[in-house]
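10 protein chains.
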Amino acid sequence: MAELETFDNPHPNRDYVITHVAPEFTSVCPKTGQPDFGTITVEYVADKLCVELKSLKFYLQSFRNEGVFYEDLVNRILDDLTAALQPRRMTVRGEFTPRGGMHSTITAEYRSQ
Amino acid sequence: MAELETFDNPHPNRDYVITHVAPEFTSVCPKTGQPDFGTITVEYVADKLCVELKSLKFYLQSFRNEGVFYEDLVNRILDDLTAALQPRRMTVRGEFTPRGGMHSTITAEYRSQ
Amino acid sequence: MAELETFDNPHPNRDYVITHVAPEFTSVCPKTGQPDFGTITVEYVADKLCVELKSLKFYLQSFRNEGVFYEDLVNRILDDLTAALQPRRMTVRGEFTPRGGMHSTITAEYRSQ
Amino acid sequence: MAELETFDNPHPNRDYVITHVAPEFTSVCPKTGQPDFGTITVEYVADKLCVELKSLKFYLQSFRNEGVFYEDLVNRILDDLTAALQPRRMTVRGEFTPRGGMHSTITAEYRSQ
Amino acid sequence: MAELETFDNPHPNRDYVITHVAPEFTSVCPKTGQPDFGTITVEYVADKLCVELKSLKFYLQSFRNEGVFYEDLVNRILDDLTAALQPRRMTVRGEFTPRGGMHSTITAEYRSQ
Amino acid sequence: MAELETFDNPHPNRDYVITHVAPEFTSVCPKTGQPDFGTITVEYVADKLCVELKSLKFYLQSFRNEGVFYEDLVNRILDDLTAALQPRRMTVRGEFTPRGGMHSTITAEYRSQ
Amino acid sequence: MAELETFDNPHPNRDYVITHVAPEFTSVCPKTGQPDFGTITVEYVADKLCVELKSLKFYLQSFRNEGVFYEDLVNRILDDLTAALQPRRMTVRGEFTPRGGMHSTITAEYRSQ
Amino acid sequence: MAELETFDNPHPNRDYVITHVAPEFTSVCPKTGQPDFGTITVEYVADKLCVELKSLKFYLQSFRNEGVFYEDLVNRILDDLTAALQPRRMTVRGEFTPRGGMHSTITAEYRSQ
Amino acid sequence: MAELETFDNPHPNRDYVITHVAPEFTSVCPKTGQPDFGTITVEYVADKLCVELKSLKFYLQSFRNEGVFYEDLVNRILDDLTAALQPRRMTVRGEFTPRGGMHSTITAEYRSQ
Amino acid sequence: MAELETFDNPHPNRDYVITHVAPEFTSVCPKTGQPDFGTITVEYVADKLCVELKSLKFYLQSFRNEGVFYEDLVNRILDDLTAALQPRRMTVRGEFTPRGGMHSTITAEYRSQ
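Chains G, W, B, D, V, S, Z, A, L and R are the protein sequences, given in the same order. For the first sequence, my numbering begins at 1 and goes up steadily by one. For the second sequence, my numbering begins at 1001 and goes up steadily by one. For the third sequence, my numbering begins at 2001 and goes up steadily by one. For the fourth sequence, my numbering begins at 3001 and goes up steadily by one. For the fifth sequence, my numbering begins at 4001 and goes up steadily by one. For the sixth sequence, my numbering begins at 5001 and goes up steadily by one. For the seventh sequence, my numbering begins at 6001 and goes up steadily by one. For the eighth sequence, my numbering begins at 7001 and goes up steadily by one. For the ninth sequence, my numbering begins at 8001 and goes up steadily by one. For the tenth sequence, my numbering begins at 9001 and goes up steadily by one.
Because the hints were derived from the structure by calculation, they are not lab data. Here the structure is a predicted model, which means the values were calculated and not measured. Fair warning: there could be bad hints in the mix.
Quick list of simulated restraints, FRET-style, between CB atoms [unchecked claim]:
| no. | chain 1 | residue 1 | chain 2 | residue 2 | range |
| --- | --- | --- | --- | --- | --- |
| 1 | V | Ala4002 | R | Thr9039 | 38 to 44 Å |
| 2 | S | Val5045 | D | Asp3080 | 20 to 26 Å |
| 3 | B | Cys2029 | S | Thr5039 | 35 to 41 Å |
| 4 | D | Gln3034 | L | Arg8014 | 35 to 41 Å |
| 5 | L | Gly8067 | R | Lys9048 | 21 to 27 Å |
Pairs of lysine to aspartate or glutamate, DMTMM-like flavour, derived with a Cα cap of 25 Å [unchecked claim]:
| no. | chain 1 | residue 1 | chain 2 | residue 2 |
| --- | --- | --- | --- | --- |
| 6 | A | Lys7054 | Z | Glu6052 |
| 7 | V | Lys4031 | A | Glu7052 |
| 8 | Z | Lys6054 | Z | Asp6072 |
| 9 | A | Lys7031 | R | Glu9003 |
| 10 | S | Lys5031 | L | Glu8005 |
| 11 | V | Lys4048 | B | Asp2072 |
| 12 | B | Lys2057 | D | Glu3066 |
| 13 | A | Lys7031 | G | Glu52 |
| 14 | Z | Lys6054 | Z | Glu6109 |
| 15 | G | Lys31 | W | Asp1008 |
| 16 | B | Lys2031 | B | Glu2071 |
| 17 | G | Lys48 | G | Glu109 |
| 18 | V | Lys4057 | B | Asp2072 |
| 19 | A | Lys7054 | R | Glu9066 |
| 20 | S | Lys5054 | D | Glu3066 |
| 21 | S | Lys5048 | S | Asp5015 |
| 22 | V | Lys4048 | B | Asp2080 |
| 23 | V | Lys4057 | Z | Glu6066 |
| 24 | R | Lys9048 | R | Glu9109 |
| 25 | D | Lys3057 | Z | Asp6072 |
| 26 | W | Lys1057 | G | Asp72 |
| 27 | S | Lys5054 | S | Glu5005 |
| 28 | D | Lys3031 | B | Glu2052 |
| 29 | A | Lys7054 | V | Asp4072 |
| 30 | A | Lys7057 | V | Asp4072 |
| 31 | R | Lys9048 | L | Glu8071 |
| 32 | G | Lys31 | W | Glu1003 |
| 33 | Z | Lys6031 | D | Asp3047 |
| 34 | G | Lys57 | A | Asp7072 |
Now the stretches of chain G that chain A is said to cover, found in silico as 3 or more residues with beta-carbon under 8 Å [as the list claims (entries may be wrong)]:
| no. | stretch |
| --- | --- |
| 35 | 4-11 |
| 36 | 15-23 |
| 37 | 44-55 |
Built from N, CA and C at the ideal position, the CB exists for glycine as well.
All chains, full assembly: derive it from the sequences and hints.
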């Protein structure tokens, strides 16, 4: 996995919401070996750290040739980002394109204690 | 009915939302014998089990030549899925195409005790 | 008025939401004699009875040559349907097409005690 | 049928296009007695006469309780309007709402010799 | 200002919502003398009185050549309508078209004590 | 195959365009046995005969459990309809829902000599 | 009427298309005294002169309290603009908001000899 | 920075919502020197003062050649506007166009004590 | 490159149009090594051969980790498909997602002699 | 002005269409000093040379603080690009955001002799 880089939250005294939407996500279905496509949305309230945009792009690109199920993928992205940023709260959503006439969305949330 | 297959929830410690949308649903009107068409949406928080996508597709396809009313259909899908998955909560919605100039939506919910 | 027919709620133990949308509603303005057009939406949680779709269509069609004001119309439909179905709750909304450069929506709700 | 009234084309030396769109058209299916709904569009290049808008509205309203098939209806409107206006050219289109899961459009044209 | 006419609420025992949307509003900027354009939405729960639609149209038209700021305009409409109707609650919203590359919306609410 | 019924063109002296759109088409993929879904559009200029709408619906429904490829299907519908109606010209288009991340459209035309 | 100002076409050797769209047009119906609303689109190929934008705005605003029929209005705007600009070609289109459930569009063209 | 001008809230006794949307915002990325583009939305409940629209436009334009990060920018606009207006509450949102295949939104809120 | 498989055109006596749309195309920018994304549309009139859908999918997937410029890519796909199918005519279009605030479309056509 | 860089057309034997859309264009009104915003679309058939995307971006950015009228701007971009590329044909279109309630589009074309 590409490393997630961070920078200091320029306004740590205020709870404000940062949203990054990546509509060009692609990974590989571990069952069929076929590519999956979708949109990953990351929404969070930073504490001390914000994620640097370019490193988030490279991180998401590192799934390009990885085999991973939808349910697992979204939770892994949430785990990696909360580990790197220690945010006050974070939501990760993956909206995937149709496979076999059905399309799926997975949404996972984290809240600091 | 086709059997619903499951796999182990890869992140059972977290409440996260899984949504599958099947816009290619078709069954038969028990009164007129005419085909009905609609979109079935299943949204749930898994406990120990997730539904395997391909088996969900086959399950929904098994209504193709079945005669069933809208109100009954959505509740039966909810019953079958909650029996198979024992989810923490689940919503099933059926949005049907116009018949006689009117279109209908049925939404049923389940919450574990 | 055409009579509203009902059938037994197939899942009375569960509170679930039934929505019927009728975009082809027409009645007559009692003031000008000109036709009015709109969309009637009926959303309810059934108790013992559900409304039969075809009879709902005939019921709404029976306003075709009736003179009735918007505000009165929506409340009358709500009264007739709650009398026939005794639902747990019901909302009726009428969205009407522009008259004199303005368009109107009326929304009325019923909740059983 | 309500009579179509006309007024003198204020710019008869120029070929210009007049379009009237009536999205609140309703008539009755001669087979089933059920109401039909649709949008009637009239587009023409006037010669000596233009159609007066209010009389066009009343003319279209006079089909409200008439039984007429789609194919016949659009041609009859074209015949009536070309008889009243003697336009340089005219197109009448009827776009009807779904019946039995299908929706239909009929388009007929007239050109003066 | 044109006078607001009212009629008796036909269903005063029920709290129901009446919405009128007027997308053809125009007034004049008091600073530049240039016309302003927008959509006025009035949503209310009537007590004893409903506003008569035609008089609402004439009332809104009476701003056509008046100079008034956005913030003031929406509050004045709310004041006039609550004075005339004594509603249980009312919201007035004005959504204005772009001026200098920016567009504005003002929303004011009234609740009876 | 269900038989296509016809009725006499009520305005045979005029070339006018009739369009029927059937968004609830379904057949079966002959390779995988999986259901296919799509929208069939029939546009034609009648000569002596028009297709009766209900019989067109039943004709299209008779593909429900038939195995047929997209390219073949659209051409067969065109062959059957031109044989039954002998139209002046006809176009049949099939727009199919995504399979394997791709969606397809087939369009075939007929012109009488 | 406000005067139309012009400026020299900066590229008179090339035929290129200039389009101005004014969605905030309003005038008055000469029959009812009620305001009309619409969008005026002017598209032209300049010869020696282009219309100055601000003066076009003031020119269109000068209809604000004028009584004029749709068919006449669009032709008058075309006459005034071709007189002022002597363009190689010009089209004026007026798209008006619904009156009595119908909406209208008028399109007139000019071509230099 | 251009100075923010204010005017007296014409209805200070009522809590009402003022929204200004500026879709033509541009600044410069401090890292790459490349221009950034986005929409800034300011929504507030005024106390004693409202922001004058033209001065808000000039204020936002003063970022045109400034280097500033998304997260910092939205918080700075919120700081400047709350300092100038002392509003009862305010939200500032910046929605930025895609960079490197991702697009971002930042939303910050202020509430008076 | 994955091999393109074909099947016999089931209706070679008729010129009809086949369109396949692949919105999940991805390749790599040869300059930056960054992934590109887009939609490839193939439209053709078959002569003796049609392209098999699954092999077209695999063919397009074989660009996943290839470095290729937009202009070259679309022409290469057209060359490969015309070599394999010898169609009567074919158009290939690539519509790519924004890079650096700009998005591009390339469209190339082939016609048999 | 930033220099336009080119690269060799990889398929000069075929006439194919290249389109670049730049929705983030901004310049300055020479009359008011206020910023203008719009979308520039360049569509061309290359002869020997294609425009390099990054240099096209920098070229368009070099208008950022330039004062230029809409009509002049689009023709100047066309002149610069045809001088640099000597294309077989080219169209440049500028679609600008509303000013004073009106929005404008300018479209200019070039064809080689």
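These are the hints, each one checked on the structure:
The beta-carbon spacing between Ala4002 of chain V and Thr9039 of chain R, approximately 43 Å, falls within the hinted interval of 38 to 44 Å. Between Val5045 of chain S and Asp3080 of chain D, the C-beta spacing of about 22 Å keeps the proposed range 20 to 26 Å intact. For the pair Cys2029 of chain B and Thr5039 of chain S, the supplied restraint of 35 to 41 Å holds, since their beta-carbon distance comes to about 38 Å. The hint said 35 to 41 Å for the Cβ distance between Gln3034 of chain D and Arg8014 of chain L, and at roughly 38 Å that hint holds.
A C-beta distance of roughly 23 Å is found between Gly8067 of chain L and Lys9048 of chain R, which places it inside the suggested range of 21 to 27 Å. A distance of roughly 23 Å separates the Cα atoms of Lys7054 of chain A and Glu6052 of chain Z; the hinted pair therefore holds under the 25 Å criterion. Using a Cα cut-off of 25 Å, the hinted pair Lys4031 of chain V and Glu7052 of chain A holds, with the two alpha carbons roughly 12 Å apart. For the suggested pair Lys6054 of chain Z and Asp6072 of chain Z, the alpha carbons sit about 24 Å apart, so the restraint of at most 25 Å is met.
As the CA atoms of Lys7031 of chain A and Glu9003 of chain R are separated by approximately 23 Å, the hinted pair is consistent with the 25 Å bound. Between Lys5031 of chain S and Glu8005 of chain L the CA atoms are separated by roughly 15 Å; this keeps the pair inside 25 Å, and the hint holds. Restraint check: the Cα-Cα separation between Lys4048 of chain V and Asp2072 of chain B comes to about 14 Å, which is no more than 25 Å; the hinted pair holds. Note on Lys2057 of chain B and Glu3066 of chain D: the hinted pairing holds, with a Cα-Cα distance of about 19 Å set against a maximum of 25 Å.
With a C-alpha separation of about 12 Å, the suggested pairing of Lys7031 of chain A with Glu52 of chain G holds against the 25 Å cut-off. Using a Cα cut-off of 25 Å, the hinted pair Lys6054 of chain Z and Glu6109 of chain Z holds, with the two alpha carbons roughly 23 Å apart. At most 25 Å may separate the alpha-carbon atoms for a hinted pair to count; Lys31 of chain G and Asp1008 of chain W meet this at roughly 15 Å. Restraint check for Lys2031 of chain B and Glu2071 of chain B: the C-alpha separation of about 14 Å stays at or below 25 Å, so the hint holds.
The suggested pairing of Lys48 of chain G with Glu109 of chain G holds, with an alpha-carbon distance near 19 Å, which does not exceed 25 Å. The hinted pair formed by Lys4057 of chain V and Asp2072 of chain B meets the criterion: a straight-line CA distance of about 20 Å does not exceed 25 Å. Of the pairs offered as hints, the one joining Lys7054 of chain A and Glu9066 of chain R holds, with about 22 Å between alpha carbons and a cut-off of 25 Å not exceeded. Between Lys5054 of chain S and Glu3066 of chain D the CA atoms are separated by roughly 21 Å; this keeps the pair inside 25 Å, and the hint holds.
For the hint linking Lys5048 of chain S to Asp5015 of chain S, the alpha-carbon distance of about 11 Å falls within 25 Å, and the restraint holds. Distance hint between Lys4048 of chain V and Asp2080 of chain B is fulfilled; the C-alpha atoms sit about 23 Å from each other, no more than 25 Å. In summary, the hint linking Lys4057 of chain V to Glu6066 of chain Z is supported, as the alpha carbons are separated by about 19 Å, within the 25 Å threshold. Annotation: proposed proximity of Lys9048 of chain R to Glu9109 of chain R holds, straight-line Cα distance about 19 Å (limit 25 Å).
Distance check on the hinted pair: Lys3057 of chain D and Asp6072 of chain Z sit about 20 Å apart at the alpha-carbon level, within 25 Å; holds. Proximity of Lys1057 of chain W to Asp72 of chain G is assessed by CA-CA distance (about 20 Å); at most 25 Å being required, the pair is judged to hold. At roughly 8 Å between alpha-carbon atoms, Lys5054 of chain S and Glu5005 of chain S fall within 25 Å of each other, so this suggested pair holds. For the hint linking Lys3031 of chain D to Glu2052 of chain B, the alpha-carbon distance of about 23 Å falls within 25 Å, and the restraint holds.
The straight-line distance between the Cα atoms of Lys7054 of chain A and Asp4072 of chain V is roughly 17 Å, inside the 25 Å bound, and the hint therefore holds. About 20 Å separates the Cα atoms of Lys7057 of chain A and Asp4072 of chain V, which keeps this hinted pair within 25 Å; it holds. For the suggested pair Lys9048 of chain R and Glu8071 of chain L, the alpha carbons sit about 13 Å apart, so the restraint of at most 25 Å is met. At most 25 Å may separate the alpha-carbon atoms for a hinted pair to count; Lys31 of chain G and Glu1003 of chain W meet this at roughly 20 Å.
A hinted pair counts as satisfied when its Cα atoms are at most 25 Å apart, and Lys6031 of chain Z with Asp3047 of chain D qualifies at roughly 23 Å. Proximity of Lys57 of chain G to Asp7072 of chain A is assessed by CA-CA distance (about 20 Å); at most 25 Å being required, the pair is judged to hold. A stretch counts as covered by a chain when three or more of its residues have a beta carbon under 8 Å from one of that chain; for the stretch 4-11 of chain G and chain A the count is 3, and the coverage holds. For a cut-off of 8 Å, the count of residues in the stretch 15-23 of chain G with a CB near a CB of chain A stands at 9, and the three-residue condition holds.
Here the stretch 44-55 of chain G counts 4 residues with a CB under 8 Å from a CB of chain A, which clears the bar of 3, and the coverage holds.
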